[in-house]
Amino acid sequence: MNLEPLIETTRAYSCISCAKCTGRCPLARASYELDRDGGYSPRAVVSKALQGEIDDHSGMIWDCLTCNACALKCPSDVDFPGFVRQARSKIRKERANGQVRLCTGGSQLSEIANLMAERDLQQKRMDWVGDLQVAVEGETLYFVGCLPYFDLVFPDVVHTQTIAQSMVKIMNAAGIAPVVLANEVCCGHDKLWTGEEDVFKALARKNAAMIQERGVKRIVTSCPECYRTLKLDYPEFVDFNVEVVHSSQFLSELISDGTIRFKDEPETERTVSYQDPCRLGKHMRVFQEPRDVINSIPGLRLEEMTETKAESACCGTSAFSGCDKVREKIRLDRLSQAKSTLVTACPKCQIHFKCTQHTNQTISPEVQGIEVKDLANLVAEAMEAHV
Amino acid sequence: MTEPLVAEREPAAFVPRILAFSCTWCSYQAADLAGTSRREYSPHVRIVRVPCSGRVDSSFVLKALANGADGVLITGCHPGDCHYVRGNIFAEKRFERLAKLVLALGLEPERVRLEWISAAEGDRLAKTANEFAETIRRLGPLK
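Top to bottom, those sequences are chains H and L. Per numbering that gives the first Met the number 0, numbering of the first sequence is gapless, rising by one per residue and ending at 386. Per numbering that gives the first Met the number 0, numbering of the second sequence is gapless, rising by one per residue and ending at 142.
Treat each hint with caution, since some may be false.
What the hints assert, rightly or not - Quick list of simulated restraints, FRET-style, between CB atoms:
| no. | chain 1 | residue 1 | chain 2 | residue 2 | range |
| --- | --- | --- | --- | --- | --- |
| 1 | H | 32 | L | 119 | 28 to 34 Å |
| 2 | L | 140 | H | 22 | 53 to 59 Å |
| 3 | H | 252 | L | 45 | 36 to 42 Å |
| 4 | L | 66 | H | 267 | 43 to 49 Å |
| 5 | L | 66 | H | 12 | 56 to 62 Å |
| 6 | H | 130 | L | 137 | 35 to 41 Å |
| 7 | H | 34 | L | 67 | 31 to 37 Å |
| 8 | L | 77 | H | 262 | 55 to 61 Å |
| 9 | L | 98 | H | 295 | 30 to 36 Å |
| 10 | H | 380 | L | 67 | 53 to 59 Å |
| 11 | H | 158 | L | 34 | 43 to 49 Å |
| 12 | H | 158 | L | 67 | 40 to 46 Å |
| 13 | H | 234 | L | 14 | 39 to 45 Å |
As the list claims (entries may be wrong) - One-sided and incomplete, this derived list gives chain L residues near chain H with beta-carbon spacing under 8 Å:
| no. | residue |
| --- | --- |
| 14 | 56 |
| 15 | 65 |
| 16 | 138 |
| 17 | 141 |
| 18 | 142 |
To be verified - 16 Å max Cα-Cα, derived EDC-like pairs, lysine to aspartate or glutamate:
| no. | chain 1 | residue 1 | chain 2 | residue 2 |
| --- | --- | --- | --- | --- |
| 19 | H | 19 | H | 93 |
| 20 | H | 123 | L | 91 |
| 21 | H | 324 | H | 34 |
| 22 | L | 99 | H | 78 |
| 23 | L | 62 | H | 117 |
| 24 | L | 92 | H | 34 |
| 25 | L | 142 | L | 91 |
| 26 | L | 99 | H | 155 |
| 27 | L | 142 | H | 34 |
None of these hints come from the bench; they were simulated from the model. Since the model is a prediction, treat every value here as computed from it, not as a measurement. C-beta atoms are modelled at their ideal positions from N, C-alpha and C, and glycine is treated no differently.
Excised from the complex, chain L in its bound form:
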């Protein structure tokens, strides 16, 4: 009688891969603040710093999803606070179109999200990141 050397392992837990595009003036600062205030948030959220949320072309988000991301978060300054005056307004309009595309492609609309987070809102960034990671974990991997 031989016993298996390695006990059968439980199926690996799903580790969501989440990409965040954060504007350098507000929400990236918020991420720094979250760090310096020792506020923990989901390690599955990886941040790409962009000059402005208005820089985020819809194709960046689609590319991330095509290349393995399970969810994409875009964060920018609150409307009216944009360093470039109207960049976040452009981002919002673009996001509306992106949301329609995501729906037509048959993906869950919750996989992409746009949030306004100011430089003072470290807590809010951490909370948003955790919430989003939980949402994606619940949705499961993008097939």
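Excised from the complex, chain H in its bound form:
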């Protein structure tokens, strides 16, 4: 396999084998604690690649969380997640199938994305809208992502639809009736990061066409994966250039200019923790806005976990792939650092944490009792009711 272009574009040639990446990698840390002989090593993957080998059988390429923690630490600026992404897509092109291990929910979502890419569906996904005000054309679009499907695939675990409802409720209160696409398709993030570039492009073209014909100037989305994909990857792969903001940035804007107000200060103060989603924080460097939003909510006090921002571990699973006891450990470590409520700004983080709370038999009652909640839900609950 010719690795030259891959090594070139991701600057892997400048790796000095210092292993800062491995020291920072959440997967390496958790796997080392579980089994000192094994363990994940981004450095080893790059070293091998520089010798012209790509080892896709040991799982090194397929296990990576692509959380970008390593790249932020790298003194030589090697884009390791980018390397993994391109290697996966290369392996899939040349050897039919890679070793993507999806959970049952993840494989359903993956097939749903395939269906959306292959077929000309007329989806019925708007049930969640109810009495909320949405538009067909306009300047601001709310990109819902897979939220309605998460509720159908993980019915016992999450109700991510409420995130979309809260966001549209807040937007309505701010006098905006956002455009919502009745036939929106998956943004393709998971397909892009598990090496199915063709499916990703098919999805991206569909969304780009739909969004551009509605005269949209700005996209708001609650999902950091959609955020990254629409903002960085769409312009790279398809003809698309629209401003994209994450809901945390949008909320922080509305709060700071006084468009949305909160109910009076409650008597009790609640301490909460915040989980930085990898796509929002480590990929897109949005660290401050979600914290500003939490701190502006009366009665909430944010206490940082021991590892935060660029240093924080992600939720342990990306693209619903590779979930195992190492990933469970990452999540349990995160949950045990958290205070009574763990605020996230990513529906997928929420799914992964709640899934662990739901299925892990060995979990302590304290960890079990931690409430995992999205930022948008918190804001909507604390907001003053505008009539």
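Here the structure of chain H is known, so what remains is to put chain L in place on it, guided by the hints.
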């Protein structure tokens, strides 16, 4: 004056592509019985043998639909008769969720079907397969 060499053909009739997941203990045996009793059924139904209807993950069905199937039939043992005691009950619960997904995706709910067919019911298997093939033929190809 030249005449077209090949007369214009009628548009090809729609040939439904139907995938069936049949449990090895009951309904796959029923298919065998249908065969040995010379009972004909629609050739458009292609059977995949699975150890239990409980083995059928919703993603199998979605994958079939994404890859060209026009309809998917799941058949298993009658409730209470499952070789693995509760596999078909799991299948039923999973199917309820799948049906909601299929609806949300905008597909006709009739494109997926769950049926209980025992090893003795060769006739019933043939009848179900024919009925299902007719339903899918009526719905037309999955766009």
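Here is what the structure says about each hint:
no.	hint	result
1	H:32 - L:119: 28 to 34 Å	violated (56 Å)
2	L:140 - H:22: 53 to 59 Å	holds (55 Å)
3	H:252 - L:45: 36 to 42 Å	violated (55 Å)
4	L:66 - H:267: 43 to 49 Å	violated (55 Å)
5	L:66 - H:12: 56 to 62 Å	violated (40 Å)
6	H:130 - L:137: 35 to 41 Å	holds (37 Å)
7	H:34 - L:67: 31 to 37 Å	violated (43 Å)
8	L:77 - H:262: 55 to 61 Å	holds (56 Å)
9	L:98 - H:295: 30 to 36 Å	violated (43 Å)
10	H:380 - L:67: 53 to 59 Å	violated (46 Å)
11	H:158 - L:34: 43 to 49 Å	holds (48 Å)
12	H:158 - L:67: 40 to 46 Å	violated (34 Å)
13	H:234 - L:14: 39 to 45 Å	holds (42 Å)
14	56	holds (6 Å)
15	65	holds (4 Å)
16	138	violated (14 Å)
17	141	holds (6 Å)
18	142	holds (5 Å)
19	H:19 - H:93	violated (31 Å)
20	H:123 - L:91	violated (23 Å)
21	H:324 - H:34	holds (11 Å)
22	L:99 - H:78	violated (41 Å)
23	L:62 - H:117	holds (11 Å)
24	L:92 - H:34	violated (38 Å)
25	L:142 - L:91	violated (27 Å)
26	L:99 - H:155	holds (14 Å)
27	L:142 - H:34	violated (50 Å)
Of the numbered hints stated above, those contradicted by the structure are hints 1, 3, 4, 5, 7, 9, 10, 12, 16, 19, 20, 22, 24, 25 and 27, listed in ascending order.
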